[in-house]
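Asker: Each protein sequence line maps, in turn, to chains A and B. Using this note's numbering, the letters of the first sequence correspond one by one to residues 1 to 304. Using this note's numbering, the letters of the second sequence correspond one by one to residues 1 to 304.
Just so you know, these hints were derived from the structure itself, not from any lab. Possibly wrong hints are sitting among the right ones.
Said to hold, decoys possible - Which chain A residues face chain B? A few, computed with CB under 7 Å, are given here:
1) G66
2) L70
3) P73
4) G74
5) T78
6) D95
7) E102
8) L106
9) P111
10) I140
11) E141
12) S265
13) Y268
Even glycine gets a Cβ: it sits at the ideal position worked out from N, Cα and C.
Protein chains: 2
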Amino acid sequence: MYVLKAIFLGTSAATPKPKGALPAIYLEHDGLGILMDVGEGTQFQLMKAKIGFSKIKVVVVSHMHGDHVLGLPGLIQTMAMASRKEKLIIIGPRDLKDFLVEAFKLTKFWPPFDIFFYPSPTSVRIKNVEISTFPVKHTIEAYGTKVVVRFKKKVLVEELEREGLPKTLWGRLQRGERVVWNGRPFEPERYTWEPEPLKVVYSGDTAPCERLIGEAKGADLLIHEATFTSDMEEEAHERGHSTARDSATVASKANVKALVMTHFSNRYESLDKHLEEARRVFPNSFVAEDLTKFLVLRRALRPS
Amino acid sequence: MYVLKAIFLGTSAATPKPKGALPAIYLEHDGLGILMDVGEGTQFQLMKAKIGFSKIKVVVVSHMHGDHVLGLPGLIQTMAMASRKEKLIIIGPRDLKDFLVEAFKLTKFWPPFDIFFYPSPTSVRIKNVEISTFPVKHTIEAYGTKVVVRFKKKVLVEELEREGLPKTLWGRLQRGERVVWNGRPFEPERYTWEPEPLKVVYSGDTAPCERLIGEAKGADLLIHEATFTSDMEEEAHERGHSTARDSATVASKANVKALVMTHFSNRYESLDKHLEEARRVFPNSFVAEDLTKFLVLRRALRPS
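Bound-form chain A, shown alone (with noise of 0.2 Å):
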């Protein structure tokens, strides 16, 4: 059972609400924490959540908008506090770099450990997971995510038992590597599969793009923004967001698994209405609630 967490820290557009914390999406994948967008406040979210600071080690910003990534100097000072010696990966447009150093630099603080910044768009991997970023739609220069998990190759046990091939000798398969025993070739090709990647899409701020579709394809988890309903269409497109009808037409012709909606305008004091829309596009939608954690499981089974 493959397990990645999601939690919602924040899923509010623009501005607070008192229930509504700023955009902030927490992932967990096997102890590597991944924090996409850092809105003011997220680092009260984060304590909120029970989430220790030093988890994260990937912070990815979307795009400039100060809800999206206000709360990241007061993070990473707080990390300091806590005597943080780890590297932080961070990842984001070009003036994100800009906008640490300044901030930093005027209120006359360095963090004590390294930060590497990669610009978007960028790949980075990390161990198993690879974490990349690609152009979407809003008004300004902005990214989505994708996180993609990879699993160990698997040997095929049955076939090798009824084989016979030794336990000893399956690690090379495993590996990659090609066996002989009692003179009979064993290939790793045909003696092991490969899981599915695991695959977590976000949208950060976007109107409907088709980028976006083709990123997502078949993603297990798309976390897709839906600022307005889809009575406010025109106005969301011309201000870069999407509706949420918008998303779960993405969600659809991506054929993901499962759509969270997120990043609500300050307007709706009710979400349903977002959720009866997408649920009429695509069944399996459901919206973010400030600190709501979605499970994303899935049993390694062998394809078919």
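Go by the hints and put chain B onto chain A.
Answerer: Coordinates of chain B only, in the frame set by chain A:
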């Protein structure tokens, strides 16, 4: 009854606690709101305290450490979203201006209302309220803030009734004009009096500071940082901070009417010890907690 409200929005030092937001204090007199320090998340605390952002006319930042300033760009962006038109006065160290300009530039935002920036040390008068900043003793350039509310002159009602001066002429005396009635001169100095100004002083971050004692002389309310308790005195002073006992000593030397301590290190679970050691030196001491409100009341008594 003259009233000034002080609402403590955040009372933690340096890093937030689940129940201790970062430094921010809101003062209000007669509809004029003054925000002193703006830690990350101040806009959320303002919402929790149900303080309308439009009430804030002046922001004073004591020094450039992140925990006192990182909430300001986001607050200004939210003010803009709320269609603020009215100018905002900002007082703080010179670097604060650069910080705001860089943050706005890099997050592709420009405030749609005027911001008037006054570098500290300075003094700004708005109607009957004078806000001034003065240097204190921290590890970087840092300022205390003094807010003085002046009241209109009042006429000596009993005397004027006894002399028989018609009420229609009292306003002139109040405005400082000399009145001649039935050939008899009435001097404003003799028939009016000025209520003592109301004074609130906020230390910002500082080690015990002589200048602060001078500025706080006779204040109605001294808000003083008390990052540590006295067992940490040496470390406190080295790091440009005060202990609870220090803050009470300042209160006592300045002969203020009340002391409220704030800016507590994360190391303290309870503030009992702060309170106890302060009250030993200055009995009228209090500790601030997030969202507590102190009302400064004073009857306009004629000086004897």
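Asker: Against chain B, with CB atoms and a cut of 7 Å, does the hint on E102(A) hold up?
Answerer: holds, 4 Å
Asker: Under 7 Å, Cβ to Cβ, is where Y268(A) needs to be relative to chain B, so tell me if that hint holds or is violated.
Answerer: violated, 15 Å
Asker: Is the shortest C-beta separation between S265(A) and chain B less than 7 Å?
Answerer: violated, 11 Å
Asker: Just to be careful: measuring from the Cβ of T78(A) to every Cβ in chain B, is the smallest value less than 7 Å?
Answerer: Hint holds; T78(A) Cβ to chain B Cβ min 5 Å, cut 7 Å.
Asker: Grab the minimum C-beta distance from P73(A) to chain B and call the hint holds if it beats 7 Å, violated otherwise.
Answerer: Where the cut-off is 7 Å and the nearest Cβ of chain B is about 6 Å from P73(A), the hint holds.
Asker: Take the shortest C-beta to C-beta distance between D95(A) and chain B; is it under 7 Å?
Answerer: holds, 5 Å
Asker: Please check whether G66(A) passes as an interface residue: C-beta within 7 Å of a C-beta belonging to chain B.
Answerer: Holds - the Cβ of G66(A) comes within 7 Å of chain B, reaching about 4 Å at its closest.
Asker: Identify whether the interface hint at E141(A) stands, where standing means a beta carbon of chain B within less than 7 Å of its own.
Answerer: violated, 9 Å
Asker: Hold the hint about L106(A) up to the distance rule: shortest CB distance to chain B must be less than 7 Å.
Answerer: For L106(A), the interface hint holds, since the closest Cβ of chain B sits about 4 Å away, which is under 7 Å.
Asker: Would the stated hint for I140(A) survive a check requiring a Cβ distance to chain B of less than 7 Å?
Answerer: holds, 5 Å
Asker: Hint P111(A) vs chain B: min CB-CB distance below 7 Å?
Answerer: violated, 11 Å
Asker: Given a cut of 7 Å on the nearest C-beta pair, is the interface hint for L70(A) held or broken against chain B?
Answerer: Since the shortest Cβ distance to chain B is 5 Å, the answer is holds.
Checked against the numbered hints given earlier, this structure breaks hints 9, 11, 12 and 13; the rest are met.
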